[in-house]
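From first to last, the protein sequence lines stand for chains W and X. Going by this note's numbering, the first sequence opens with residue 258, and the numbers climb by one from there. Going by this note's numbering, the second sequence opens with residue 44, and the numbers climb by one from there.
Keep in mind the hints are simulated off the structure, nothing from the lab. Watch out, some of these pointers could steer you wrong.
[To be verified] With a cut-off of at most 25 Å between alpha-carbon atoms, the simulated SDA-like pairs for lysine to any residue come out as follows: (1) X/K513 with X/L459; (2) X/K164 with X/D370; (3) X/K262 with X/E401; (4) X/K131 with W/L293; (5) X/K179 with W/S291; (6) X/K122 with W/D303; (7) X/K179 with W/R301; (8) X/K179 with X/E286; (9) X/K236 with W/P327; (10) X/K96 with W/D322; (11) X/K279 with X/K122; (12) X/K179 with X/K279; (13) X/K59 with W/A270; (14) W/K350 with X/E75; (15) X/K122 with W/A313; (16) W/K350 with X/K59; (17) X/K122 with W/F314; (18) X/K122 with X/E260.
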Amino acid sequence: MSSAPQLDIDHVARLARLALTPEEKATFAAQLGSVLHHIEQLARVDVSGVEPSAHAFAVNNVWQDDVARPGLPVEAALRNAPAQRDHMVVVPKVVE
Amino acid sequence: MQYEAVIGLEVHVQIKTASKVFTRVAAGYGHEPNTLTDPVVLALPGALPVMNKAALDAIIKAGLLLGCEIAPVCKWDRKNYFYPDSPKNYQISQYDLPICRGGSVEIELPGPARNLMGEHKCIPLTRIHLEEDVGKLNHGAADSLVDYNRAGTPLMEIVSEPALHSAEEAYAYLTSLRATMIYGGISDCDMEKGQLRCDANISVRPVGETKLGTKVELKNLNSISFVRDGIAHEIKRQIGVIERGGTIVQETRDFDGMTGTSQSLRSKEEAHDYRYFPDPDLMPVVVDDAWKQRLQAECPELPFAKQRRFLEQYQLPYTLTSVLVWDRALADYFEEAARLSGKPQAVGNWIVNDLLREVGHARIALTASKVRPAQVAELVQLVDAGTVLANAAKEIFVEMFATGEAPGAIADRRGLKAAPTDSGELEGWCRDAIAANPKALAEFKGGKESAINAFKGPVMKAAKGKANPKLVDETLRRLLAAI
Numbered sequence: 258m259s260s261a262p263q264l265d266i267d268h269v270a271r272l273a274r275l276a277l278t279p280e281e282k283a284t285f286a287a288q289l290g291s292v293l294h295h296i297e298q299l300a301r302v303d304v305s306g307v308e309p310s311a312h313a314f315a316v317n318n319v320w321q322d323d324v325a326r327p328g329l330p331v332e333a334a335l336r337n338a339p340a341q342r343d344h345m346v347v348v349p350k351v352v353e
Numbered sequence: 044m045q046y047e048a049v050i051g052l053e054v055h056v057q058i059k060t061a062s063k064v065f066t067r068v069a070a071g072y073g074h075e076p077n078t079l080t081d082p083v084v085l086a087l088p089g090a091l092p093v094m095n096k097a098a099l100d101a102i103i104k105a106g107l108l109l110g111c112e113i114a115p116v117c118k119w120d121r122k123n124y125f126y127p128d129s130p131k132n133y134q135i136s137q138y139d140l141p142i143c144r145g146g147s148v149e150i151e152l153p154g155p156a157r158n159l160m161g162e163h164k165c166i167p168l169t170r171i172h173l174e175e176d177v178g179k180l181n182h183g184a185a186d187s188l189v190d191y192n193r194a195g196t197p198l199m200e201i202v203s204e205p206a207l208h209s210a211e212e213a214y215a216y217l218t219s220l221r222a223t224m225i226y227g228g229i230s231d232c233d234m235e236k237g238q239l240r241c242d243a244n245i246s247v248r249p250v251g252e253t254k255l256g257t258k259v260e261l262k263n264l265n266s267i268s269f270v271r272d273g274i275a276h277e278i279k280r281q282i283g284v285i286e287r288g289g290t291i292v293q294e295t296r297d298f299d300g301m302t303g304t305s306q307s308l309r310s311k312e313e314a315h316d317y318r319y320f321p322d323p324d325l326m327p328v329v330v331d332d333a334w335k336q337r338l339q340a341e342c343p344e345l346p347f348a349k350q351r352r353f354l355e356q357y358q359l360p361y362t363l364t365s366v367l368v369w370d371r372a373l374a375d376y377f378e379e380a381a382r383l384s385g386k387p388q389a390v391g392n393w394i395v396n397d398l399l400r401e402v403g404h405a406r407i408a409l410t411a412s413k414v415r416p417a418q419v420a421e422l423v424q425l426v427d428a429g430t431v432l433a434n435a436a437k438e439i440f441v442e443m444f445a446t447g448e449a450p451g452a453i454a455d456r457r458g459l460k461a462a463p464t465d466s467g468e469l470e471g472w473c474r475d476a477i478a479a480n481p482k483a484l485a486e487f488k489g490g491k492e493s494a495i496n497a498f499k500g501p502v503m504k505a506a507k508g509k510a511n512p513k514l515v516d517e518t519l520r521r522l523l524a525a526i
């Protein structure tokens, strides 16, 4: 696995709902390519006999009791919304 | 050609908790928009999720109730997609290690008649996993509005095997699954509030074919009746397409229960590419035997098991059991009244016919009824002892429902008890009736048991309908034996 990793920048951009210029595509393709290259290096490590794990620490069962706490006031919750109406976030129409 | 439908259901059930699944802001329905959020729900930078223990207990309990295998270790994964209902741009779900695997839902199909039990089947489940619900989009003419109150509500996805073969089976499956969740206290399953939602994967194939046909996903089935109607409609549509020489296209269709039609949701969706990976912010959950046993001990008897027991233990007719067992409060109510009175069948009739009618008219919950099981039991005993006659009992019941007064007290106050019988009057009426009908006397003496009824009419008439029928019968038999 020494050849350059395959990366379809158009597909990745579409999944992320990003409209990229050709210059941006070239920049990000190169950056993401380096990331994939790094992952490829990791993939070369021999892990036969190592049990797969989702975490670096062997800590399980981290939870809280089901006791509700107050949340954010609606004004604070919507402070970052680019547009709002009726205390809801306005987004482009997502169905036809 | 004969066709067979193959249906798999994906049912989402919201778990009834006070707070959300990965953060402690309150969960709930019907609140002002965006008032149930916090930094975790809104995915503000640095916010970290923490598991809700009650949601885990609930899904393990659901799995135990449905006979699933509970995974000794499970974890949560990020399902990545960009859509405004999810502020994080991923949904926390379970991918390859769901908490419950296997199990089944017992269903009953409609019987040959209303009073006869139908065929029972067990529909196998693939898995149940715990994830978070997403926000709600309200679509307007020009834009969409997002309310994140629902985002982060604990949600179970219950996936069946493609093992259902008709709209009726799907209806029975949902009915049984919903009752199980309500019995277990896991969810209220109110479909109008989105607490239970159903998507159906439907395909058809010629009978005898083993390969599955192309499946169509039916969405927006927002009542159990719409699920039945939508599936029936889709099966018919697919068979129609095939018979006209067409082919089924894999697509998602939206069923409109009001018009009974469906239309394709134009899928701009490219092949799903969710790029699942383990969520590094949540630690795996290890479920040991002690935890499972503790929850197993809380598992209630389920409706079908209860029905089998009611049929055997109380010798109830099927029709009564099929009303009593689907509502846990009603079944408990019945059992208490049956225990107090020792007359389960009579109690069952009063509850199913009279109590449910009055509760329905008054539009109240059973728990709000002033008539408690002890009063139903007392009324049944008064009727059984002949102290109160059937018609008077009906009157007493209505009054008891309105006031909550004890049936015996109502009968006394309103003079609804059968006539006193120690006056000697009854014996006189009985002697007169026997003397007036030598033909019936001869028949009775000749061994025709039912001839005794010929004397009862005149006795009741003489008593103006207030004689205790049990005592009338006893007195007549005593006098007849002595002749």
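Violations among the numbered hints, reported as their numbers in ascending order: Those not satisfied are hints 3, 5, 6, 7, 8, 11, 12, 13, 16.
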